[in-house]
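Could you build the full structure based on these sequences and the hints that come with them?
Residue numbers (UniProt numbering), protein chains in the order written: chain A, 1 to 403; chain B, 1 to 403; chain C, 1 to 325; chain D, 1 to 325.
Think of the hints as simulated: they come from the structure by calculation, not from any bench. Don't take each hint at face value.
[Stated by the list, open to error] Only pairs whose alpha carbons sit at most 30 Å apart, straight line, appear in this in silico DSBU-like list of lysine-lysine:
hint, chain 1, residue 1, chain 2, residue 2
1, C, K224, C, K254
2, D, K306, B, K352
3, B, K379, D, K224
4, C, K196, C, K220
5, B, K41, B, K65
6, A, K379, C, K314
7, C, K320, A, K379
8, D, K196, A, K379
9, C, K314, A, K390
10, B, K41, B, K322
11, C, K220, A, K385
12, A, K385, C, K306
13, A, K403, C, K306
14, B, K385, B, K356
15, B, K342, B, K329
[Unchecked claim] Computed, partial: chain B to chain C, Cβ under 7 Å:
hint, residue
16, G144
17, R147
18, S156
19, P166
20, G202
21, A206
22, N209
23, M210
24, D368
Ideal placement from N, C-alpha and C gives every residue a C-beta, glycine not left out.
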Amino acid sequence: MQGLQQEKAMNTEIYKESQVVHTPTFIDGHSVEIPILKILKEDGTVYSGAELPEIDQVKATKVYKALAFHRVLDERMVAAQRQGRVSFYMAALGEEAASVGGAAGLEDQDMIMAQYREQGALIYRGFSLENLMNQMFSNEKDLGKGRQMPIHYGSSELNYMTISSPLGTQIPQAAGYAYGQKLQGKDAVTICYFGEGAASEGDFHAGLNMAAVHRAPVIFFCRNNGYAISTPSDEQYVGNGIASRGVGYGIKTIRIDGNDILAVLKATQTARSYALAEQKPVIIEAMSYRLGAHSTSDDPSGYRTKEEEEKWHMHDPILRMKNWMLAQKWWDETQETELYEKLREQVLAAVKVAEKIDKPPVEDLVTDVYDQVPAHLQKQLDELKVHIKKYPEAYPFTAGRIK
Amino acid sequence: MQGLQQEKAMNTEIYKESQVVHTPTFIDGHSVEIPILKILKEDGTVYSGAELPEIDQVKATKVYKALAFHRVLDERMVAAQRQGRVSFYMAALGEEAASVGGAAGLEDQDMIMAQYREQGALIYRGFSLENLMNQMFSNEKDLGKGRQMPIHYGSSELNYMTISSPLGTQIPQAAGYAYGQKLQGKDAVTICYFGEGAASEGDFHAGLNMAAVHRAPVIFFCRNNGYAISTPSDEQYVGNGIASRGVGYGIKTIRIDGNDILAVLKATQTARSYALAEQKPVIIEAMSYRLGAHSTSDDPSGYRTKEEEEKWHMHDPILRMKNWMLAQKWWDETQETELYEKLREQVLAAVKVAEKIDKPPVEDLVTDVYDQVPAHLQKQLDELKVHIKKYPEAYPFTAGRIK
Amino acid sequence: MAQMNLLQAINNALDIVMAENDSALCFGEDVGHFGGVFRATSGLQEKYGKARCFNTPLVEQGIIGFANGLAAQGSTPIAEIQFADYIFPAFDQIVNESAKFRYRSGNEFNVGKLTIRTPYGGGIAGGLYHSQSPEAYFAHTPGLKIVVPRNPYQAKGLLLASIRDDNPVVFFEPKRLYRASVGEVPVEDYQLPLGKADIMQTGTDITLLAWGAQLEIVEKAADKASADGISCEIIDLRTILPWDVDTVANSVRKTGRLLVSQEAPLTAGFASEIAATIQQECFLHLESPIERVCGFDTPYPLSLEKEYVADHLKIYEAIKRSINY
Amino acid sequence: MAQMNLLQAINNALDIVMAENDSALCFGEDVGHFGGVFRATSGLQEKYGKARCFNTPLVEQGIIGFANGLAAQGSTPIAEIQFADYIFPAFDQIVNESAKFRYRSGNEFNVGKLTIRTPYGGGIAGGLYHSQSPEAYFAHTPGLKIVVPRNPYQAKGLLLASIRDDNPVVFFEPKRLYRASVGEVPVEDYQLPLGKADIMQTGTDITLLAWGAQLEIVEKAADKASADGISCEIIDLRTILPWDVDTVANSVRKTGRLLVSQEAPLTAGFASEIAATIQQECFLHLESPIERVCGFDTPYPLSLEKEYVADHLKIYEAIKRSINY
Ligand SMILES: Cc1ncc(C[n+]2csc(CCOP(=O)(O)OP(=O)(O)O)c2C)c(N)n1
Ligand SMILES: Cc1ncc(C[n+]2csc(CCOP(=O)(O)OP(=O)(O)O)c2C)c(N)n1
Ligand SMILES: [Mg+2]
Ligand SMILES: [Mg+2]
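Rendered as structure tokens:
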């Protein structure tokens, strides 16, 4: 595999070893060629000579079902938000392959530290529909105890770090997490997802450099979907994408077609072996496009054209995988219809259950600030309870349950 | 001039235009060759075929005298600190060419935003010995009103931004400063100095990317002197120096021999014309070595060998320039001896004057927090004055002067 | 006069400044073509060009660093931080740089022309990271001014004053009121003074003090109290730093009681500074302890938001507690 | 027992933890081979290897981000920020991440094992950027613990407790005392409780409260006051967050007077929180206003440092003011 042999260490005594010139000679964004890995064509056939990832029918079916689930969930939840049933949602329309394929390229013990548009990875890991719903309805069964906005999932059991809204903060954290895995000799890596927008944060620079210097087995997975809310990527950076930054950090870097599930899988599998064997970070830049709105609070017609969006509908990663599955004879149209019907029903039913579940009890206001509830918080809680009893109608979610 | 033609814009629609591969292909720190510009040899001769900077005898003499002054000032002030006459000092031994040569490559209207080891640029601009001393003795004639530690110089008149201790903060500021110059149509650029250590800060990433995206005419000048206090550069980064990061930002970048005054001058002059003509940033990485201690509070014997330091004594930038000046017949040994003698005397005399000048008056405690002294600070000051009158012996610097 | 909501008032102030001052710039994440996620800068790029109103890369420390540089250079940067919850990556640039620029240089340089606008506050089901009121984090920083308007009229007048003030100002905009608060706003240019509190309602029994969106809640509590015959004096602090001690102290000397309410958590919030100062200024006049009605000492929750916030009922109870002490 | 200075006590605590806990790591700028610019981590790399004690690149937000990740993973990171003045680039990682990690995840994840050590404070001719006492900036942040020792004995006992405490702790070390404060320190392992103030001296006329290096100054003032026949009770707060309200309130109920002194500027400092809380807790017991003797509301100056600081004479005057009120 080209580029993956044990590399020679970067010589930092450059002063004496560089090529010497006597007229000013500049490098710039064009100084490095960045190829893009593609394995699967739109029609479901594979490029000739392409190196396939490790995948069999069982795994492929699991991946495909996760993609379908993801698509249906997004569709339904965007609708549910419009109906006012849930307050907020973020879809990943058109870029589901990045998160699902990334998770599929890993082992269950690997830590996933995501940004927020990677529910696909959590779905692939097996987070239940109920758990997803409970989070979005911030009810008392939410693992996160109803404290964060919808889509801020997390599961310790599934090694999926709870989402945090501030962008980029997970990047140096992932470096640290992976360093800890290495130090404790774990057969595990960390994958860290972020958008091309978040890659502008100072924490990006911090995290990548620290991982490189301290050789943390972390896969930095950039979803370059062309937009950060309304800001197109050419107002985000003027270099050659995010991949070109790998050169500066001395990190092995690969650019892939993010809508090509096999390329995502191949790159992640390769990156994982490398990160684990060499105890070093890897960067994957997956080129894609955010087909939907940024979130349910956003309306892209304010900043881009329908024509632009149209072009990208052709690159649908799920359709592309479906074509491959059909060509492999691992899937057929009957299964397809059944799957989608079943999924739609399940999701709708789950919404109806989750929205009726109680909000968390008032005690959850003060737990988990510290490992134990300190005296001043206990006092604040006690006073609140007395207050709620006095004005029960003002606090309908909790009043009925105060002892 | 190679690499300086009007470049084509970086294509951000990479998805469709990159070279396509079907097996994982990585780039890394080795993917770009970074040549190093050298013009002047150690013996004072010029490399054959070297393109010289714009420099004549008058300018060369000015540069050389600034270098000598810098060397003597550092020497004397390190000694003064040992004698307890000044509280702190930072020398730039062995890397004076970076700051003096940088300033010499600019015009007076260009803004200099330095880190702290670039007194050479201020000296070249003509900051008086008295002003330097008044700052270091934090007396009432210090332009900075005695508020910052020694070596935190600044001069609005000379377009030299007052030094700030927090590292890296001047980098995005320089991008903004230069953007303002551009917006107002000024014939001026900003130069921003920083160390290879400071280049690890998040502000570095922020500043370079913002300058690139918003096309600010700023020269990012990295002094790569191999150390950040005790931390050698190979524990600071594992890429190919700081220059390799230019690729990722899409910024024209040049690496130079930082101890070669002609290379510094040439690179800065070239960078300035480019920045102004194209209204774009440039990165210069000057390779050098911090021959002295980090500061007078530091003792490098705790983290590096005398042998390592020895190697670098050979690369003395001032000696190299002297050899060139002698070869040009623009300088002779008598002038040399006289210059150094005179400088030593002047500096010693200036110390004696500055250390006797009064500390700033107590009113300076509360001015410049805001444009005007607000009521609460006036009250704090008034109370303090009453207090000082009660205990004059406890506040010897100000007690005598309170009305 | 025109009817404007708070966003329109902000937009109008920015428009006036951009028109009168060639060196004024508005920038931040999504601020350009799109006009900001709340649309506060709507139309400005069209009117004044991309060079003066633009999107920045997604990096708050860079936005403020860039703004500091522009201000030092003599331009008039008006930087937007998309949510106050995301101002912390810029904390160093604000607290160590903006605030100390003039002092450390002996006035050789300053960033007095800097204004930082940012939407703050809760009550919008935003959870931990779209609800914070971080004014107190900045209030411990000499060199900064901190301003919070409560309605469209103030928003325009205080923003114009903040931009023209020769000190760095952090301007917190109550996002819950962006569209909800509508009122008469003069179309012409005007300024409201910084550093001056506003006595919204005079009263004799207790002084109620707050800023920004919290005043709406305080007014509601005062109404409820007045039904009990309690006469409340309501003061809008408007400027958090430097704050108007005299107006507050004079009021408390008259009423003998003070209640301060803030959205932010109780501990080490700005209400604490006010209580600390007023207990000293008005020691002999205080008839009951100064009450602070604040957010819980927890991160800002989502589903228990109602329980968490300093609502009018909690304030009302505290008023009675104070009166009956 | 052994004679140790404050640095040695810190180093000794780190040594104990590194020996007992394989997953404990010490890192930060120059922390590795060199042992830190103050030498607090001296010898640890030699003893425990480069993997567990190392230099980081020069990036505070990275250091704390990395530490957050390590803590979430189950390691025990002890991160050093070279000077507290340089902690602000990491403010977001501390305030938005460390502090909220457990809460936001419903305890699915936490960074309880995180400890951040950093030298703070003035009196060393350090000017604006080597003198700050930023504890109050963090005190408005539920989820954090904040600890400040005043001498070698405390430094060791409180640091050991902080590292082992299952919450993120910011541990401020009084750098003026690093070598100046020397005392008897048990060689064996021991802990001092977090969240508990220490009554250093009992007295009847006034309670003097401070933390860290400021206590040396407070003691000096108390001595001077005692020559005038004023009996001072001196309390060392030790933990700023969550703080020991009861010990302070009980003392003030007894003495009737409180003076709080801090190095940091007056406005919105932690002394203000204490004053605000105690005026409420002890309203009927207070015989005079709570005095705050603090740094000026300016950046920390260099040549006028003596004038700026809350020295023993200013405290002494405030004691008298309080007594004679
Ligand atoms: C520190 C911070 N700043 C700003 C925001 C507001 N914000 C949320 S998402 C977003 C855009 C992110 O774009 P990108 O990283 O490309 O991810 P994408 O939405 O395209 O998946 C912004 C600006 C935030 N959450 N955190
Ligand atoms: C934000 C910040 N962190 C840490 C420091 C402490 N510090 C001062 S100089 C220095 C090393 C800087 O190294 P480099 O940038 O390479 O510059 P050099 O000293 O080599 O000229 C450090 C860590 C600081 N001043 N600011
Ligand atoms: Mg994006
Ligand atoms: Mg260096």
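Cross-check of the supplied hints:
{"no.": "1", "hint": "C:K224 / C:K254", "verdict": "21 Å, holds"}
{"no.": "2", "hint": "D:K306 / B:K352", "verdict": "24 Å, holds"}
{"no.": "3", "hint": "B:K379 / D:K224", "verdict": "26 Å, holds"}
{"no.": "4", "hint": "C:K196 / C:K220", "verdict": "23 Å, holds"}
{"no.": "5", "hint": "B:K41 / B:K65", "verdict": "20 Å, holds"}
{"no.": "6", "hint": "A:K379 / C:K314", "verdict": "15 Å, holds"}
{"no.": "7", "hint": "C:K320 / A:K379", "verdict": "20 Å, holds"}
{"no.": "8", "hint": "D:K196 / A:K379", "verdict": "17 Å, holds"}
{"no.": "9", "hint": "C:K314 / A:K390", "verdict": "11 Å, holds"}
{"no.": "10", "hint": "B:K41 / B:K322", "verdict": "11 Å, holds"}
{"no.": "11", "hint": "C:K220 / A:K385", "verdict": "22 Å, holds"}
{"no.": "12", "hint": "A:K385 / C:K306", "verdict": "13 Å, holds"}
{"no.": "13", "hint": "A:K403 / C:K306", "verdict": "18 Å, holds"}
{"no.": "14", "hint": "B:K385 / B:K356", "verdict": "24 Å, holds"}
{"no.": "15", "hint": "B:K342 / B:K329", "verdict": "21 Å, holds"}
{"no.": "16", "hint": "G144", "verdict": "4 Å, holds"}
{"no.": "17", "hint": "R147", "verdict": "6 Å, holds"}
{"no.": "18", "hint": "S156", "verdict": "4 Å, holds"}
{"no.": "19", "hint": "P166", "verdict": "5 Å, holds"}
{"no.": "20", "hint": "G202", "verdict": "6 Å, holds"}
{"no.": "21", "hint": "A206", "verdict": "3 Å, holds"}
{"no.": "22", "hint": "N209", "verdict": "5 Å, holds"}
{"no.": "23", "hint": "M210", "verdict": "5 Å, holds"}
{"no.": "24", "hint": "D368", "verdict": "5 Å, holds"}
Checked against the numbered hints listed earlier, the structure breaks none of them; every hint is satisfied.
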